[in-house]
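**Q** Sequence:
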Amino acid sequence: GKQDVNTRRTGAHLHEGLGDVLTLTGDHVEARESYDRARSALPDADVVARSRLHRKTGFSHNLQRHYEETGRAFDLAEEKLNEATSARTAEWWEENVQIQLERMHLFYWQGMAEEMREIASRFRSAVEERGTPIQRGKFFQMLALSHLTESRYRPSEECLGLAELSISESEGSANLSEASHVRFTLGLIHLWRGNFVEAIEHAETALGLAERVGDRVIQARCLTYLAVAHRQAEQVESARSYASRTLELASKLAMVEYVAMAHANLAWVAWREGDNAATQRHGTKAVALWHAMEDPYGFDWIALWPMSAAALAEGRPAEAVAHVRGLFGPNQHPLAAELAAVTREAIAAWERDGVGAKSALERVLQAAHEARQL
Numbered sequence: 096g097k098q099d100v101n102t103r104r105t106g107a108h109l110h111e112g113l114g115d116v117l118t119l120t121g122d123h124v125e126a127r128e129s130y131d132r133a134r135s136a137l138p139d140a141d142v143v144a145r146s147r148l149h150r151k152t153g154f155s156h157n158l159q160r161h162y163e164e165t166g167r168a169f170d171l172a173e174e175k176l177n178e179a180t181s182a183r184t185a186e187w188w189e190e191n192v193q194i195q196l197e198r199m200h201l202f203y204w205q206g207m208a209e210e211m212r213e214i215a216s217r218f219r220s221a222v223e224e225r226g227t228p229i230q231r232g233k234f235f236q237m238l239a240l241s242h243l244t245e246s247r248y249r250p251s252e253e254c255l256g257l258a259e260l261s262i263s264e265s266e267g268s269a270n271l272s273e274a275s276h277v278r279f280t281l282g283l284i285h286l287w288r289g290n291f292v293e294a295i296e297h298a299e300t301a302l303g304l305a306e307r308v309g310d311r312v313i314q315a316r317c318l319t320y321l322a323v324a325h326r327q328a329e330q331v332e333s334a335r336s337y338a339s340r341t342l343e344l345a346s347k348l349a350m351v352e353y354v355a356m357a358h359a360n361l362a363w364v365a366w367r368e369g370d371n372a373a374t375q376r377h378g379t380k381a382v383a384l385w386h387a388m389e390d391p392y393g394f395d396w397i398a399l400w401p402m403s404a405a406a407l408a409e410g411r412p413a414e415a416v417a418h419v420r421g422l423f424g425p426n427q428h429p430l431a432a433e434l435a436a437v438t439r440e441a442i443a444a445w446e447r448d449g450v451g452a453k454s455a456l457e458r459v460l461q462a463a464h465e466a467r468q469l
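First residue of the sequence shown: 96, per the working numbering; consecutive thereafter.
Just so you know, these hints were derived from the structure itself, not from any lab.
Please read these numbers as outputs of a predicted model, since none were measured by experiment.
Cβ coordinates follow ideal geometry from the N, Cα and C atoms, glycine included.
Among the hints, erroneous ones may be present.
Unchecked claim - With beta-carbon atoms standing in for the labels, derived distance ranges: (1) K347 - G96: 22 to 28 Å; (2) G369 - E213: 46 to 52 Å; (3) E409 - E223: 28 to 34 Å; (4) E296 - T120: 25 to 31 Å; (5) E213 - G309: 50 to 56 Å; (6) R447 - G410: 17 to 23 Å.
Full structure from sequences and hints, please.
**A** What follows is the structure, given as structure tokens:
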């Protein structure tokens, strides 16, 4: 009877809560098992709760970049919601908006800016009328990310403006996990615009929020890009410290792209300290990890520049050229036009006869340094 239904709901609630904690700590397989147990305990009539559990399963898959499973879970979440026969409550709308926001994030990982904007245009009025403040903030965050991926990480003023709007819209939200992600995104966009002071400030704020709520995935994101920001600001000690922290946490969470990013930043630190062997070791590891990913990361330059500098310093120009060639590999974020031109010239000089290639490579490394890539 009623007692029995309430007992089941309480059990489902506890399993869901456990799933949420496990998602924060990065224990995704266990988290999804908890969500499954919660779902099997719920009465069929609880469509919003059942939908939410499918969506949270998708969110967990998305953090591991399981794109197909993520998409499937979001489809199931939508199907469940659409089974609602009674009037659409505030809770129903909030869940509906959340599925769309997380679907935009799935498209972001896949570099699908147009698809992100298509969802945005369909759901904008629902977000504005029915969304919570953090959902409105997240909406602008996702729009900013659509610009970021479309520009191949060379963000415009408009992209930055959307990220700033995401902060002001979600002001005062109690959802620290989402708030830290919104703040992290603003830092990331500042970083790729070359505003290192602002990038560091926002990423540190985001890190503090993520630590308060125990969200280890967002902590790993913050640590990763704090290392990059300090590297680009030429702060060797801070870059080392953040890269080492990233390596430790990302290894625990099995976030391969960030383990690789840590090695790539440690390659730069080693190069700055004149340890060419360690530069090669860390750099090789980073590139190997990235290239083994199903959906490779486009940031090889973070490892390749210090590796080419170390190879040249040791009198191995052929190796330096091979690393520089990798900058133009498939799926790589494009170099700034001037840097790309100088780099292509040096490769051509090497291919012609090797004469003058060493001085051409030295010019390239100087240009990379001026572009804050080395």
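**Q** Which numbered hints does this structure break?
**A** 1, 3 and 5
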